[in-house]
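Chains as they are written, first to last, in our numbering: chain A, 1 to 382; chain B, 1 to 350.
Keep in mind that the hints are not guaranteed to be accurate.
From the structure, some residues in chain B lie toward chain A, with a derived Cβ separation under 7 Å [what the hints assert, rightly or not]: (1) GLY245; (2) LEU255; (3) LEU274; (4) ILE277.
These are calculated hints, taken from the structure and not from any lab test.
Note that the structure is a prediction, hence the values are computed from the model and not measured.
Yeah, the Cβ is synthetic: ideal placement off N, Cα and C, and Gly gets one too.
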Amino acid sequence: QLDRGCALHTAARAGLSSVSSQDVPAQKPRVVFHTSESDPAKHTEQHEGRLYNIPLEEVKAVFPHGLPHRFQQQIRTFNEARVMVRQPALELLAYLKGSNLAHPAVRYVIYGERGTGKTMTLCHVVHYCSRQGWLVLHIPDAHLWVKNCKELLQSSYKKDRLDQPLQASVWLKNFKSSNERFLQEIKTQKKYMWGKQESTEEGRPLGEVVEQGLARVRSATDAVGVVLREIKQQSHRGSFRLLVAVDGVNALWGRTTLRKEDKSPVSPEELTLVHNLRKMLRNDWSGGAIVTTLSQTGSLFKPSSAYTPQELLGKEGFDALDPFVPIPVPNYSPREFESCYGYYLERKWLQHEKAHTEDGKAELQFLSGSNPRQLDRLAGPL
Amino acid sequence: TLRLIFTTTAVQRKNVGASGPEKYTEAFIKKQIEEFNLGKRHLANMMGEDPETFTQEDIDRAIAYLFPSGLFDKRARPMMKHPTEIFPEQRKIQWGEDGRPFHFLFYTGKQSYYSLMHDTYEKLLNVQKHQDQLIAQDLPLQREKRNLAGSRWLTKIELEEMLLEKVSDDDYSRFIQLLQKLVALPCAEIEEKYIQKFSKEVPAQLQKVVIEPLQYDERGVAFSTGEGKRKTASATAIVYDNGTGKITVNGIDILHYFPVLQDREQLLFPFQFLGRIGKHDMVCTVSGGGRSAQAGAIRLASAKALRSFVTEKEVEFMRQAGLLTVDPRVKERKKPGQEGPRRKFTWKKR
Chain A
1 QLDRGCALHT AARAGLSSVS SQDVPAQKPR VVFHTSESDP AKHTEQHEGR LYNIPLEEVK
61 AVFPHGLPHR FQQQIRTFNE ARVMVRQPAL ELLAYLKGSN LAHPAVRYVI YGERGTGKTM
121 TLCHVVHYCS RQGWLVLHIP DAHLWVKNCK ELLQSSYKKD RLDQPLQASV WLKNFKSSNE
181 RFLQEIKTQK KYMWGKQEST EEGRPLGEVV EQGLARVRSA TDAVGVVLRE IKQQSHRGSF
241 RLLVAVDGVN ALWGRTTLRK EDKSPVSPEE LTLVHNLRKM LRNDWSGGAI VTTLSQTGSL
301 FKPSSAYTPQ ELLGKEGFDA LDPFVPIPVP NYSPREFESC YGYYLERKWL QHEKAHTEDG
361 KAELQFLSGS NPRQLDRLAG PL
Chain B
1 TLRLIFTTTA VQRKNVGASG PEKYTEAFIK KQIEEFNLGK RHLANMMGED PETFTQEDID
61 RAIAYLFPSG LFDKRARPMM KHPTEIFPEQ RKIQWGEDGR PFHFLFYTGK QSYYSLMHDT
121 YEKLLNVQKH QDQLIAQDLP LQREKRNLAG SRWLTKIELE EMLLEKVSDD DYSRFIQLLQ
181 KLVALPCAEI EEKYIQKFSK EVPAQLQKVV IEPLQYDERG VAFSTGEGKR KTASATAIVY
241 DNGTGKITVN GIDILHYFPV LQDREQLLFP FQFLGRIGKH DMVCTVSGGG RSAQAGAIRL
301 ASAKALRSFV TEKEVEFMRQ AGLLTVDPRV KERKKPGQEG PRRKFTWKKR
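Whenever a hint applies, use it, and build me the whole structure from the sequences.
Written out as C-alpha cells, the structure is:
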C-alpha cells in the first residue's frame, strides 16, 4: 500500500496529467477515493469525493499560514497533504473560471455549520488561484486580529486609530513567503513616509515596503495598509489577478475583546488593519475575486448555533458585503464519507479491529453525523 | 383502652401484667361494625351519593378526596375500612364459664394445628379406603395429575394466620409432607376441595408483555412508537422503517442537540445491538431531566419501539442486554443531620 502511495506522489510531481488514473484495485474491489490530479484547474464533477495530493513544498509555499490546525497535524502525521474535492469548491472554481475580470470583483461567502469544511474549501480555491498565477491575499483568520492582542499602538497616520504591530508583522512575513515574485514586479506609485526619516520612493518594488514593515515593527500596520492600497489600485490594470481570501470575515463587523487604556471597548473601525481590510472587501475594484468564509468558532459574542450570513455578519456586515454569492457547505455526502473513511483505513489511522468492519463504518457515520470535524475527532483515538 | 377479658369468679387473677397485644371483645367488634356502617351512610350523604350502593372503592375515593395526604406509604394515610380488616382476628376465649375448654385438644397446647393434622389424616385414610374399594371391584384407578406447576402450598405465615396460633418450622414441614402424601395417592380427586384450601396459584409466568404490531402511515411506511423514562426525563420515540439513519430530537438534529459523544453513543446502542444502524429513521420528543437523562430516556423509548420490528428471540436478547428495563436510579433524598444523601458533616474532634 505504501508503494502505491509513493507512486501517486511521483505521478503528481511528474506533471499535470490530464487523465485521472484510477486506483488499481488490490486484493478486493475498493471504492476509488484517490486521484492523481493535483491541479485544481482540472478538477471536475468526476473527481468529486476524491482526495488529491498537494506536494509538501507547494504546501509550504502556498499556505504558510492558512490551513486549519488539525489539518496541519494530519499533514505531519501522514507526511502528505490530501484535500478532498467537494461540490462547493467545484462550484466556486467554476465561477472563478467563468468570471469576467473587467467587471468589479464578485464576492463569495462560504458559510455552513461548524466543522463542515469551509476553511478547507477556501484553501482549495487558494491553491487553484496560486497555480493559475494569481496574487493571493490570504488572511488566515480575521478573528486573530480582533481578539487577544497584546500590544495596541496609537496610529501615527490617523490619530484615532489603533495599530497592531505583532499581528501585522506576522502577516507580512507569511505574505512575503507566499507571493515572492509579485513583490518584485509590483511597483509603488506614491511616496510613503515612515516616520520622520525613512521613506519609500515612488517606483520601488513592493518588496521594499514589506521589508520596511518587517524591519520596523512599529510601522508594520501602515506597511500592510500601503500594500493593500497599492495592490488594489494596480489590479484593474490587468498585469495580475488578485484573489482576496479572508477566513472568518464576520470578525470584521462584530465586536472586539480589546480595550483601550481607559477600559473603553474598541470597535473594529478603530483598528487600522480592519479598516484597510474592509476597504479591500468593497467591490469598487476589478480584476479579481473576493472569497470569504464565515466562522462561528472564533467569533465573539455570537450564539453557537448561528451559521447563516445574516446572523454571523450582523446588519452592518451584511450591508457592507451585499451583494454576494452565498455558497453553503454541507456535511459529507455518503460518497464523501466513504472516501474519507477509506483514506483513514488505508493510512492505517484506524487501528481498532471493529473499525475495519461494515458495522464499524456505520457506527462512525452515525456518531459523527457525517460531520468532517466530528469524524476527524472520533477517528483520532481509534 | 380496651381491657376486657371476661373473667369469672372461678378464675380470678391478680394483675396479669403485659399480656401481649390487646384483646378485643366481641361486643366491641360489633359496636365498631355498627359505627362503620353508620359512618358509611354519612359519608355517602356527604358525597351526594346513594347510601345503599356505596362500595368500598367509593369509600376509598371519598376519603382520599376529603383527607388528602402526601405521605409516601399508603398504609400511613387515613383509611376507612370494615373493622374485620382493621382489627386482626383474635382467638375467642377457649373455655367456658366453668373453666372447661371447648376443644378436645386444648391441653395439647397447639389445638388447631393438631386438629388440622387429625382432619388431614382422616382424609388420607378416606382416600386409601376408596382406593381399596376400587381395587376390590377391579375398576381402573383414575390417573389425572394435578397441575403442580401453577400452584404452591401455603407459606408458614399464611398457615399461622389461618390457624390463629404459632406454628413452628418442624410442624409446618410435617403438615406439608402430609399434604404431599395425600396428593400423591391416585384417587386424591375426592378430597380436591379440601386440598384447594391449602394451595395457591402462582401467577408468575402468566404476565407477558404485549408487543404492539406495526402501524402504517399515509406514505405506506411502517412505524412504531415507544416511551421511555429516566430520572425525571420522559421521551417518546417514533421509529420509521426504510430510512437512512437520520434522527431528530424535538425538531433538532442529534448532532446539534447532543454535542457530547457519550449521549450519541447511548442513542446508537439499540440500533447497533440489532445491527440496524442505517435502516431506520427516528423522530423523538423529550422533556425534563438533564442531558444524560434525556439520552437514556430516548434510548429506552427507541428500544421499546424497535420491539415491533424484530423477532421474539431478539426481543429476549434485548431484554437480557438491559435495553428494555427502566433504570430505577433516582436522586436520593437528603437526610437531616447530614450534608447530602450520604455525605456527613465534617467531623471535628472538638
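Hints, verified against the model:
Checking GLY245/B against chain A by beta carbon gives a least distance of about 6 Å; that is within 7 Å, so the hint holds. Because the smallest distance between the Cβ of LEU255/B and any Cβ of chain A comes to about 4 Å, under 7 Å, the interface hint for this residue holds. Against a cut-off of 7 Å between C-beta atoms, the interface hint on LEU274/B is violated, since the closest Cβ of chain A lies about 11 Å away. For ILE277/B, the shortest C-beta to C-beta distance to chain A is roughly 4 Å, which falls under 7 Å, so the interface hint holds.
Checked against the numbered hints above, the structure breaks only hint 3 and satisfies the rest.
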